[in-house]
Amino acid sequence: MSEASAPLLKIENLDVHYGAIHALRGASFSIAQGEIVSLIGANGAGKTTTLRAVSGMLKPSAGKITYRGEDLAGKKPHQLVAKGLCHAPEGRGVFPNLTVLENLHLGAFLRRDTAAIHEDLEKGFGLFPRLRERAKQLAGTLSGGEQQMLAIARALMARPTLLLLDEPSLGLAPQITEAIFQIIEDINRAGMTILLVEQNAHLALGIAHHAHVLETGSVVQSGTGRELLKSPEIRRAYLGE
Amino acid sequence: MQTIRALDLGFAATARRLMKSALPFLVPIPLLWLVQATLANAPGFEYAFQNVNHIGIAIILAVSLNLVNGLTGQFSIGHAGFMAVGGYVSAVMVMNGPTDDPYRLFFLMSIAAGAGAAALAGWLVGKPSLRLRGDYLAIVTLGFGEIIRVAIENTPAFGGAIGLSPIPHRSDFGAIYFAAIATILIVNRLRNSTHGRAFLAVREDEVAAEAMGVDTTGYKVRAFVISAAFAGVAGALSGAFEGNLAPQSFTFVRSFEIVAMVVLGGMGSISGSVIAAIVLTLLPEALRSLPPINLGAVQIDLVNLRMVFYSLALIGLMLSRPRGLFGSTEAWDLIGNWWRKRRGVKSEEARKAAPDAGELLLDVRGATIRFGGLTAVSDFNLQIHPRELVALIGPNGAGKTTVFNLLTGVYQATEGSIRVAGRDTHGLKPSSIASLGVARTFQNIRLFRELSAFDNVRIGCHHLARESMLAAVEESGLAGIEEGFIAERAEQLLDVMGLAARRDVLAKNLPYGEQRRLEIARALATNPKVLLLDEPAAGTNTKEKTELMELIRKLRDRFGVAIVLIEHDMKLVMGVSERILVLDHGVTIAQGLPRAIQKDRKVIEAYLGEKYAREHAADIEAENAEETAHESLSPTPSKGERDSSGDAR
Amino acid sequence: MIELLQHIVDGLSLGAIYALIALGYTMVYGVLKLINFAHGDVFMLGAMMGYYASAKWSGEAQNPSFWGAALVGILSMAICGVVGFIIERVAYRPLRNAPRINSLITAIGVSFLLEYGGQNLFGPTPNPFGILPRREALNLGGLSLGYVDVIVFVVSIALMLILQRIVFHTRIGTAMRAVSWNAQVASLMGINTDFIISFTFVLGSVLAAAAGLLYASKYPSVHPLMGLMPGLKAFVAAVLGGIGNVPGAMLGGLLLGLAEQLVAGYWSSSWRDAVAFAMLIIILLVKPSGILGRSDAEKV
Chain A
22 MSEASAPLLK
32 IENLDVHYGA
42 IHALRGASFS
52 IAQGEIVSLI
62 GANGAGKTTT
72 LRAVSGMLKP
82 SAGKITYRGE
92 DLAGKKPHQL
102 VAKGLCHAPE
112 GRGVFPNLTV
122 LENLHLGAFL
132 RRDTAAIHED
142 LEKGFGLFPR
152 LRERAKQLAG
162 TLSGGEQQML
172 AIARALMARP
182 TLLLLDEPSL
192 GLAPQITEAI
202 FQIIEDINRA
212 GMTILLVEQN
222 AHLALGIAHH
232 AHVLETGSVV
242 QSGTGRELLK
252 SPEIRRAYLG
262 E
Chain B
-17 MQTIRALDLG
-7 FAATARRLMK
3 SALPFLVPIP
13 LLWLVQATLA
23 NAPGFEYAFQ
33 NVNHIGIAII
43 LAVSLNLVNG
53 LTGQFSIGHA
63 GFMAVGGYVS
73 AVMVMNGPTD
83 DPYRLFFLMS
93 IAAGAGAAAL
103 AGWLVGKPSL
113 RLRGDYLAIV
123 TLGFGEIIRV
133 AIENTPAFGG
143 AIGLSPIPHR
153 SDFGAIYFAA
163 IATILIVNRL
173 RNSTHGRAFL
183 AVREDEVAAE
193 AMGVDTTGYK
203 VRAFVISAAF
213 AGVAGALSGA
223 FEGNLAPQSF
233 TFVRSFEIVA
243 MVVLGGMGSI
253 SGSVIAAIVL
263 TLLPEALRSL
273 PPINLGAVQI
283 DLVNLRMVFY
293 SLALIGLMLS
303 RPRGLFGSTE
313 AWDLIGNWWR
323 KRRGVKSEEA
333 RKAAPDAGEL
343 LLDVRGATIR
353 FGGLTAVSDF
363 NLQIHPRELV
373 ALIGPNGAGK
383 TTVFNLLTGV
393 YQATEGSIRV
403 AGRDTHGLKP
413 SSIASLGVAR
423 TFQNIRLFRE
433 LSAFDNVRIG
443 CHHLARESML
453 AAVEESGLAG
463 IEEGFIAERA
473 EQLLDVMGLA
483 ARRDVLAKNL
493 PYGEQRRLEI
503 ARALATNPKV
513 LLLDEPAAGT
523 NTKEKTELME
533 LIRKLRDRFG
543 VAIVLIEHDM
553 KLVMGVSERI
563 LVLDHGVTIA
573 QGLPRAIQKD
583 RKVIEAYLGE
593 KYAREHAADI
603 EAENAEETAH
613 ESLSPTPSKG
623 ERDSSGDAR
Chain C
277 MIELLQHIVD
287 GLSLGAIYAL
297 IALGYTMVYG
307 VLKLINFAHG
317 DVFMLGAMMG
327 YYASAKWSGE
337 AQNPSFWGAA
347 LVGILSMAIC
357 GVVGFIIERV
367 AYRPLRNAPR
377 INSLITAIGV
387 SFLLEYGGQN
397 LFGPTPNPFG
407 ILPRREALNL
417 GGLSLGYVDV
427 IVFVVSIALM
437 LILQRIVFHT
447 RIGTAMRAVS
457 WNAQVASLMG
467 INTDFIISFT
477 FVLGSVLAAA
487 AGLLYASKYP
497 SVHPLMGLMP
507 GLKAFVAAVL
517 GGIGNVPGAM
527 LGGLLLGLAE
537 QLVAGYWSSS
547 WRDAVAFAML
557 IIILLVKPSG
567 ILGRSDAEKV
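Residue numbers (the working numbering), protein chains in the order written: chain A, 22 to 262; chain B, -17 to 631; chain C, 277 to 576.
Pulled out of the complex, with its shape left as it was, chain A reads as follows (with noise of 0.2 angstroms):
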């Protein structure tokens, strides 16, 4: 099988409980490398719950993740982080007590490239200027829309091979959220995979090349982001008509 037919992620027949909640029943689907996948579904399907699965916060009850043909089982988050598989949390995942430069530095904490660093910072501060403004501040006074800008920045900053991003849009205003999806597409042309959980559909579904649809736990609905957004259920039930 050649390298670039594998796909880059699997998820197969995954499983997770809190406690008696069964929060997903069997989901399965994949990533190819360079796509980007979305994952929509109401509140409580089990989008967020996917991710931290993935990327080793909680411990699925069934099922296998493959990660470029290795099996995540039992692998905690700042083990596959040095693997390349980085998750940039839900909401103000950003550490308020920290400034903004530190934070930053704490998104390249397993590198040791110093120069490489030094760069990807530049880049960084190059995609969101505000932040260069505020290097210095403590990122618990920036604005909830900074926080998120921070967020993604130091997410890149760990080079991703694949980032999952958690609801960048969170608590947004129309014109940020649309320029930090345009910085997702950016991204994603420079070559990183991306698999995106985002409860605005439309903007979830307009920039995904794959889509993933969950409901109580499971996937009901997949296609490209263009049938999806196309598709009557869909419009129906995540599209508010």
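Among the hints, erroneous ones may be present.
[Unchecked claim] Within a straight-line C-alpha distance of at most 27 angstroms, the following computed DSSO-like cross-link-like pairs (lysine-lysine) qualify:
no. : chain 1 : residue 1 : chain 2 : residue 2
1   : A       : Lys31     : A       : Lys96
2   : A       : Lys96     : C       : Lys309
3   : A       : Lys144    : A       : Lys104
4   : B       : Lys109    : C       : Lys563
5   : B       : Lys490    : C       : Lys309
6   : C       : Lys309    : A       : Lys97
7   : A       : Lys80     : A       : Lys104
8   : B       : Lys490    : A       : Lys80
9   : B       : Lys109    : A       : Lys251
10  : B       : Lys536    : B       : Lys584
11  : B       : Lys584    : B       : Lys553
12  : C       : Lys309    : B       : Lys109
13  : B       : Lys553    : A       : Lys251
14  : A       : Lys80     : C       : Lys309
15  : C       : Lys563    : B       : Lys411
16  : C       : Lys494    : C       : Lys332
17  : A       : Lys251    : B       : Lys584
18  : A       : Lys251    : B       : Lys527
19  : A       : Lys31     : A       : Lys251
Treat the hints as calculated values from the structure; they're not laboratory data.
Assemble chains B and C onto chain A, guided by the hints.
Quick look at chains B and C alone, frame taken from chain A:
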């Protein structure tokens, strides 16, 4: 109705009721007296009864500490300090009192004084420190326990470091065990009352408990004071039994032994505490009888290893069986489960309050809240009339839940005023606001997870109960009737929410959708005028959403409540609400009828999205035309609502 | 005036020791939200180990040479670091996700295990011990600067500055601060949170050992229960400054030392133990998050 019947019963019945409540206290007396008279002082039994009496005192201490550490979920490790207060106050009274004490009446008075002094000390310690979380409290109680000891050592009237001796031996087997049985009965009756459920609610989730109208700080202080009073009784009995009191016997080691009993027996299990008190009192005696171990130069007496053993047992137990040996189950529950019968009174129709439609239930003006530099909600205005259905929408992080937190008193507004039924809620605790008639559910379900569905709803009925703690302990009169009424109401609500079959299931074991419904049932139990629902449709599928829409209307019609709804599902929001407010970055960017909101430019940009607008443009235009034709300006009930109003009785 | 200065000098030297212990509480609380009850007993072990090491090597537990003292100090700090590591690994890590009350009970269990295990191993009676050589006190115009007091203060401040440097200016320090805010998110940065937590325990225990040695030099005797009161007071110092806050712990420690010394000097020494708890109650009533602490509202 039942209440009236109960009050009619008259003197004879009152006497009978009092008798019935006192009976369990009185029954053991002859038996205790018999044992005391025949065995306790018989030659050859002295050592045995010394141990038996130590066990009795340990039972009083462990069961009373369980009220704080087990039932209320706080963590006190200064129990010996309160024991010392009671012991010394009683001992000083007895030593300076009459030498002849017929029927030990003066001794009884001294015990009461000791209990009172310990309760006062408990109040002084608890009032400031119980606002803190469990771990802080532990340190404060430990520190206070030590301070009390230092204070006694420095007080000449208390005999300083030498202690008090001789104290007349007025305490004996009978007295100690009467007190032990009384402690068990009282703590058990408290636990089975509405107050007991309030204690448990505090343990399970303080925020939710406040939202249910439980004054959490008040209950913590009460548990602490009652527990301290019992410790005082134990101290008084212990001093008068041993014949002396020394500050060295009230160190943290003593407190730690009591904590070990509660933890080993099971946090919240009274019978567990009793059994652990027996075992841990006998253990050092057993160890004492074993020969010492020789480790070359060092010789270790096993009895000195007692504390080492306790600590290892605690660590081992926490690692392997964190809820203690008995968990929170009771020996008598296991035996008597089948024996208990359920009350089967048929329910009457739910109350249908019809508040004056002109009255403003909620009146929020200019409410603003800032966290540090961040303005979470600014200049928020909301007026809710009775039976209105209003939705609050906006992007995540827009401040919707913060608004609920302001309305329910979880947060205090930095500026502006919030009135509930005409009353300014500034400075009121969430529990007080709950009793004004504001109930809520939580976005991330906050049920009392370790309690049954039935108990969850019964806690919601908490502020309907007027029974005093004393009445609960008497287990008589009004208390019994109220308990019956609360049980009935709780079952009725479970029934309305389709949860009747889940009555005895622990909340944490219910499926997601049922947990959400149970939370609504619990909120309704507080008898609200306004019900705040925070994302009730989250995590439900399309079919469940349709059912929920029906349910929301049904609740409004049946219970006559106004409902404010936070929700992302536009179909549900547009279908059910009469009025919509849109928040973005804490600012109300639009409000009005659903149709107006759907085409509002600002709302489309911030929240709904261009696509949504485009796809609804046709419908909106059509409806607009219709609306103009009817020239209807009043909030038009949607179609579904008209349907359901038919089945409102 | 001289009397006041004298109390301030004594208070600062005592306060510096409290601050050293308080740092361990506050760092562990920062990363685990756990009051490590056993911390005061690690402090005791530090002094104990010092006593045994110097008794073994120099044949006497008092008045050793400079290098002897340094060697004993390093050895005792190393042993306590290992003990701290083991405590976390065995007793606390399995309970990482359990209710906090369970961890708290375990911590109390560990504390008593060390105290009463210590009583059985070391014997319950105090042993005379002082790691620092005895010298005449310096006399500055009536103000007496105890040799031990000066060393205690200087060493404590030096250790605190080193710690400050580690926490705020190194990679591992940044990781510690990240873990203290949110361990899950920190692990997504590639931080091995288990390692950071172990490191924090080791660091705190090493500081506690140093404090134990200094305390034993100031009050030259060691016994298995000696950690209890200083441990509790240091915890109060940590709360006073704002628990979880490193500069706060230092400030709290110094303030508490001063307050105790002033009460003992101007009022009555038998009530000095009550000062700490009185301050605790006052701060909890006035500003529960401590002097330098921030208060976070619980997210509902």
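Straight-line alpha-carbon gap lysine 584/B to lysine 553/B, limit 27 angstroms: holds, 19 angstroms
Pairwise hint evaluation, lysine 80/A against lysine 490/B, where the allowed Cα distance is 27 angstroms at most: holds, 20 angstroms
Distance restraint between lysine 144/A and lysine 104/A, which requires alpha-carbon spacing of 27 angstroms or less: Judged against 27 angstroms, a Cα distance of about 22 angstroms means the pair holds.
27 angstroms Cα cutoff - pair lysine 536/B, lysine 584/B: Judged against 27 angstroms, a Cα distance of about 33 angstroms means the pair is violated.
Pair hint outcome, lysine 80/A versus lysine 309/C [Cα-Cα no greater than 27 angstroms]: holds, 23 angstroms
Satisfaction of hint between lysine 109/B and lysine 309/C, Cα-Cα up to 27 angstroms: The hint holds at about 24 angstroms.
27 angstroms limit on alpha-carbon distance, applied to hinted pair lysine 109/B and lysine 251/A: This hinted pair is violated, its Cα atoms lying about 63 angstroms apart.
Pairwise hint evaluation, lysine 96/A against lysine 31/A, where the allowed Cα distance is 27 angstroms at most: holds, 15 angstroms
Hint consistency between lysine 494/C and lysine 332/C [alpha-carbon to alpha-carbon, up to 27 angstroms]: Holds. Lysine 494/C to lysine 332/C sits at ~21 angstroms (cutoff 27 angstroms).
Restraint status (C-alpha distance of lysine 96/A to lysine 309/C at most 27 angstroms): Distance of about 25 angstroms is within 27 angstroms: holds.
Holds or violated: lysine 553/B to lysine 251/A, with C-alpha atoms at most 27 angstroms apart: holds, 19 angstroms
Hinted pair lysine 80/A and lysine 104/A, Cα distance within 27 angstroms: holds, 18 angstroms
Going through the hint list in order, the structure does not satisfy hints 9 and 10.
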